[in-house]
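Engineer: Listed below are the residues making up each chain.
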Amino acid sequence: MAREMKEHELASPVDLPAEPIEDGHPLSFASVAIIVATLVLLFANAGTLSAWVDEKPPSEVQLRASEAASGWAAMMDAVGIGKPRTALHDGWKKLQAARFGDEAAGGTQ
Amino acid sequence: MLFPTLDFGLFFLVAFAVIWAASGSNEWRKILLLLGSWVFYGAWDWRFVALLITSAFLNWGAARLIYAADTRGTQKAVVTIGIIANLGILGFFKYYDFFLEQLGALLSSWGMARDLPLMQIVLPVGVSFFTFQGMSYLIDVYRGRVRAAGLLDITLLMSFFPHLVAGPIVRASDLLPQFEKTPRLNRDMIAMALLLIVWGLFKKAVVASELSVNLVDPVFFDPAAHSSLDLLLAAYGYAVQIYCDFSAYSDMAIGIAALFGYRFPRNFNQPYRAQSLQDFWRRWHISLSSWLRDYLYIGLGGNRGGLSGQCRNILITMLLGGFWHGAKWTFLIWGGLHGGVQVIETVWRKAGLPGLPKLLAILVTFHIVTLGWIFFRADTFDGAISFISGMAGGDWRNTMTTPLLAGLMVLGMAFHFTPPLLAQGMALRLRLMPAWALGLLTAVAIIVIDAMRYEGVAPFIYYQF
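Which chain is which? The protein sequence lines are R and G, in order.
Okay, so the first sequence: first residue is 1 according to this note's numbering, each after it adds one.
Okay, so the second sequence: first residue is 1001 according to this note's numbering, each after it adds one.
A few of these clues could be false.
Below, a list of computed lysine to any residue pairs in the SDA-like style, where the Cα atoms sit at most 25 Å apart [to be verified]:
no., chain 1, residue 1, chain 2, residue 2
1, G, LYS1328, G, PRO1459
2, R, LYS93, G, THR1005
3, R, LYS56, G, ALA1022
4, G, LYS1181, R, ALA11
5, G, LYS1181, G, PRO1265
6, R, LYS93, G, ASN1398
7, R, LYS94, G, TRP1038
8, G, LYS1181, G, ALA1022
9, R, LYS56, G, LEU1035
10, R, LYS83, G, ASP1450
11, R, LYS83, G, GLY1009
12, R, LYS83, R, VAL53
13, R, LYS93, G, ALA1445
14, R, LYS94, G, VAL1444
15, R, LYS94, G, ALA1022
16, R, LYS94, G, ASP1450
17, R, LYS94, G, ASN1398
18, R, LYS56, G, VAL1410
19, R, LYS93, G, ASP1217
20, R, LYS93, G, LEU1010
21, R, LYS94, G, VAL1213
22, G, LYS1328, G, PHE1099
23, R, LYS56, G, ASP1450
24, R, LYS94, G, ILE1362
25, G, LYS1181, R, SER12
By construction, these hints were calculated from the structure, which means they are not laboratory data.
On a predicted model such as this, the values are computed, not experimentally measured, just so you know.
Isolated chain R (complex conformation) (with noise of 0.2 Å):
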């Protein structure tokens, strides 16, 4: 063979290569990074949550869950938290759209 691997190779990833941080609340510690991510893509990406829910298959339920949605996205773009998210996006766009010559992405051409 080309050559021995090495530990690290072999190790799982989640086992840092130091003195492992045992403090008395990693499941707090978790637990909190989980739900302040939750929430704060719950603010700043409710376009998000409101296109998945308008995607699910149409009943009573989804139509108020979808009217719910909708109304949450807009007011937190009338706030202007989603900025960000819609500015990159944007930006995004555009460096999609960038061509060298004529070449047309997609199979378009």
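Assemble chain G onto chain R, guided by the hints.
Structural biologist: This is chain G only, laid out in the frame that chain R set:
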């Protein structure tokens, strides 16, 4: 249920809360994890949850019989029957129609055409992974490497949702000891898990999806309609796409499992910096390559039997490794190419010939791998040949690759030449942050990725295997 979707996000939040709330009892924790895994698998097709349970029962029962058997002969008979049963499941769902089609073509060529009972069988997601896991468990029990596990543990081993549908192939010896007691989290695992999940999301949702939709899929769909340069760039694009797609799944699987307190082994290690095909297979889909080495290559005799025996064993292992991916001749050719080049490397080394300079060796290896990917990606053998011959057509107009796609390809390759422990180094810093700051950073990273990702999420490439 795909990892990079809101459906999975909500499933994960519920599972995380319920599983850790029930951690006072390890048995209840495992039962809830098992039920959650079946919900995850059943979201794709409930009927195949029964197959998963049947497969687990089969391996649990066979392992118990091996453990209880008085003689080595009886043990050998049971392990053989168990392996045949696992292969029977895999063979029926994955290869039945293929073999019947080949038989039909053969009979037809002999002037004996028959209507054979093709069944258009639906392939259960992940069947290749959980049957391989079951076989390795039986062999490990037979070899005395692991003890026969209880029904709950073996069922959870095979059903555990992070690795269930596309690996890594986590072996019994890795996971069963972890099931024996309630796992403990630490900050290292949490920081690295979140990093791996976000990193996998970026590779899949941004790099792989963009390359797939805007370059690779249209070019492979109709190679004859594209220039030589388009074909060449699509081949490179697919090399980057499949790496970013598959390694993303593994990263997210490892990260998600870690948030439940379990450690999965590494599955990728910068494969495109390999200096030989043998080196490549130590870095690519490590859980499969080590499985093939331990349970097939060594079983065939490994390095024993002289040079010719070793070369034969390498070739058989790689051909079967190719066939494991699917019932198509293109996968066999892909496996044969990898096996053939490894045979040449073995003979070269045994003959004492000098190796290539490092950079040249990386370049040559990468291009052989990319050539193999053309067969791997093409729908048919003729499609692959048409693709390759088109590259020699001499038409060097670029009609597909935009600056963004070129940038993503360069980025996908650049991942391979960063320091090997870069991610761990970042996690060492992240673990020192307050929890709220880590959560905020994770959310910001997800928002950035969401703003860049291609609309909709295509299934992972390895879902089909």
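Engineer: For each hint, tell me whether it holds in the structure or not.
Structural biologist: We went through each hint and held it up to the structure:
In summary, the hint linking LYS1328 (chain G) to PRO1459 (chain G) is supported, as the alpha carbons are separated by about 20 Å, within the 25 Å threshold. At most 25 Å may separate the alpha-carbon atoms for a hinted pair to count; LYS93 (chain R) and THR1005 (chain G) meet this at roughly 21 Å. With a C-alpha separation of about 31 Å, the suggested pair LYS56 (chain R) and ALA1022 (chain G) falls outside the 25 Å cut-off, and the hint is violated. With a C-alpha separation of about 20 Å, the suggested pairing of LYS1181 (chain G) with ALA11 (chain R) holds against the 25 Å cut-off.
A threshold of 25 Å between alpha carbons decides the hint, and for LYS1181 (chain G) with PRO1265 (chain G) the separation of about 19 Å falls inside it, so the pair holds. In summary, the hint linking LYS93 (chain R) to ASN1398 (chain G) is supported, as the alpha carbons are separated by about 21 Å, within the 25 Å threshold. As the CA atoms of LYS94 (chain R) and TRP1038 (chain G) are separated by approximately 42 Å, the hinted pair breaks the 25 Å bound. Among the hinted pairs, LYS1181 (chain G) with ALA1022 (chain G) is consistent with the structure: their alpha-carbon atoms are about 13 Å apart, no more than 25 Å.
Our distance criterion of 25 Å between C-alpha atoms is met by LYS56 (chain R) and LEU1035 (chain G), whose separation comes to about 24 Å. Distance check on the hinted pair: LYS83 (chain R) and ASP1450 (chain G) sit about 14 Å apart at the alpha-carbon level, within 25 Å; holds. With a C-alpha separation of about 23 Å, the suggested pair LYS83 (chain R) and GLY1009 (chain G) falls inside the 25 Å cut-off, and the hint holds. A hinted pair counts as satisfied when its Cα atoms are at most 25 Å apart, and LYS83 (chain R) with VAL53 (chain R) qualifies at roughly 21 Å.
Note on LYS93 (chain R) and ALA1445 (chain G): the hinted pairing holds, with a Cα-Cα distance of about 18 Å set against a maximum of 25 Å. Proximity of LYS94 (chain R) to VAL1444 (chain G) is assessed by CA-CA distance (about 21 Å); at most 25 Å being required, the pair is judged to hold. A threshold of 25 Å between alpha carbons decides the hint, and for LYS94 (chain R) with ALA1022 (chain G) the separation of about 48 Å lies outside it, so the pair is violated. At roughly 16 Å between alpha-carbon atoms, LYS94 (chain R) and ASP1450 (chain G) fall within 25 Å of each other, so this suggested pair holds.
Of the supplied pair hints, the one linking LYS94 (chain R) and ASN1398 (chain G) holds, its CA atoms being roughly 20 Å apart against a limit of 25 Å. A distance of roughly 37 Å separates the Cα atoms of LYS56 (chain R) and VAL1410 (chain G); the hinted pair therefore is violated under the 25 Å criterion. A threshold of 25 Å between alpha carbons decides the hint, and for LYS93 (chain R) with ASP1217 (chain G) the separation of about 20 Å falls inside it, so the pair holds. Proximity of LYS93 (chain R) to LEU1010 (chain G) is assessed by CA-CA distance (about 28 Å); at most 25 Å being required, the pair is judged violated.
Restraint check for LYS94 (chain R) and VAL1213 (chain G): satisfied, since their Cα atoms lie roughly 17 Å apart, inside the 25 Å limit. Only pairs whose Cα atoms come within 25 Å are accepted, and LYS1328 (chain G) paired with PHE1099 (chain G) is accepted, the gap being roughly 10 Å. Proposed proximity of LYS56 (chain R) and ASP1450 (chain G) is supported: the alpha carbons are some 19 Å apart, at most 25 Å. Between LYS94 (chain R) and ILE1362 (chain G) the alpha-carbon distance is near 35 Å, which puts this suggested pair outside the 25 Å criterion.
Our distance criterion of 25 Å between C-alpha atoms is met by LYS1181 (chain G) and SER12 (chain R), whose separation comes to about 19 Å.
The structure fails to meet hints 3, 7, 15, 18, 20, 24 from the earlier list, while all remaining hints are met.
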